[in-house]
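Asks: Chain by chain, the residues:
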Amino acid sequence: GNSVTQMEGPVTLSEEAFLTINCTYTATGYPSLFWYVQYPGEGLQLLLKATKADDKGSNKGFEATYRKETTSFHLEKGSVQVSDSAVYFCALTLNTNAGKSTFGDGTTLTVKP
Amino acid sequence: GAGVSQSPRYKVAKRGQDVALRCDPISGHVSLFWYQQALGQGPEFLTYFQNEAQLDKSGLPSDRFFAERPEGSVSTLKIQRTQQEDSAVYLCASSPSGGGLVGEQFFGPGTRLTVL
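Residue numbers (our numbering), protein chains in the order written: chain A, 2 to 114; chain B, 1031 to 1146.
None of these hints come from the bench; they were simulated from the model.
If you're wondering where the values come from, they're calculated on a predicted model, not measured in any experiment.
Incorrect hints may have been included.
To be verified - Straight-line C-alpha distance at most 35 Å; calculated DSBU-like pairs for lysine-lysine:
(1) K78(A) <-> K61(A)
(2) K1041(B) <-> K113(A)
(3) K57(A) <-> K1087(B)
Same shape as in the complex, but just chain A:
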């Protein structure tokens, strides 16, 4: 079956620190990969995506590269801000599954000033 494994949290960083949240996946086919973010009190929203191997998704200073050889899609940001405090979810969708997504368990990030 399909599964997504995320780095366990919570993660606490100081402002301007470098962020990495690891994500690896197992898929029976060729997936598209996503990072979603959930800010406190809000719904899930798409942060970035990549649809094929070696693609890099990027948004708001975050980036992740689709690595087929290591089945990974690690999220990185060079300098985090307090406003980045949220829960981050890695997800995959098989291109044959009409959009049905498999999510990781989420990683809570807290950024302190």
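Given chain A, work out where chain B should sit, using these hints.
Replies: Same frame as chain A, now just chain B:
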């Protein structure tokens, strides 16, 4: 513009009660998904509609769970004879894509169901 809305936002039910959760997707979106999110976990797929057709209900945990989207717009997730293990946040998502194309999903705020 309006996003995905869900109602109620919070629902407390006594064990054995039936509940109905509503989802209003973004207008014109073809695909609609329901997910269940337990505390501290990621969303788990329940069911998928393309317009009014329920194409996948493989994630529904039991025959007490039933979903419909009769006119291809608003959807209702019904849970009969609720049990404590049904306590979770129920998320609805819609997408403009359908027919096997993978597009961005837009999520609603969720309905938090607590079964006492």
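Asks: Confirm or reject each hint.
Replies: Here's how the hints hold up against the structure:
Taking the CA atoms of K78(A) and K61(A), the gap is about 9 Å. The hint holds against a cut of 35 Å. A distance of roughly 34 Å separates the Cα atoms of K1041(B) and K113(A); the hinted pair therefore holds under the 35 Å criterion. For the proposed pair K57(A) and K1087(B), the alpha carbon gap of about 32 Å is at most 35 Å, so the pair holds.
This entry satisfies every hint, going by the numbered hints stated previously.
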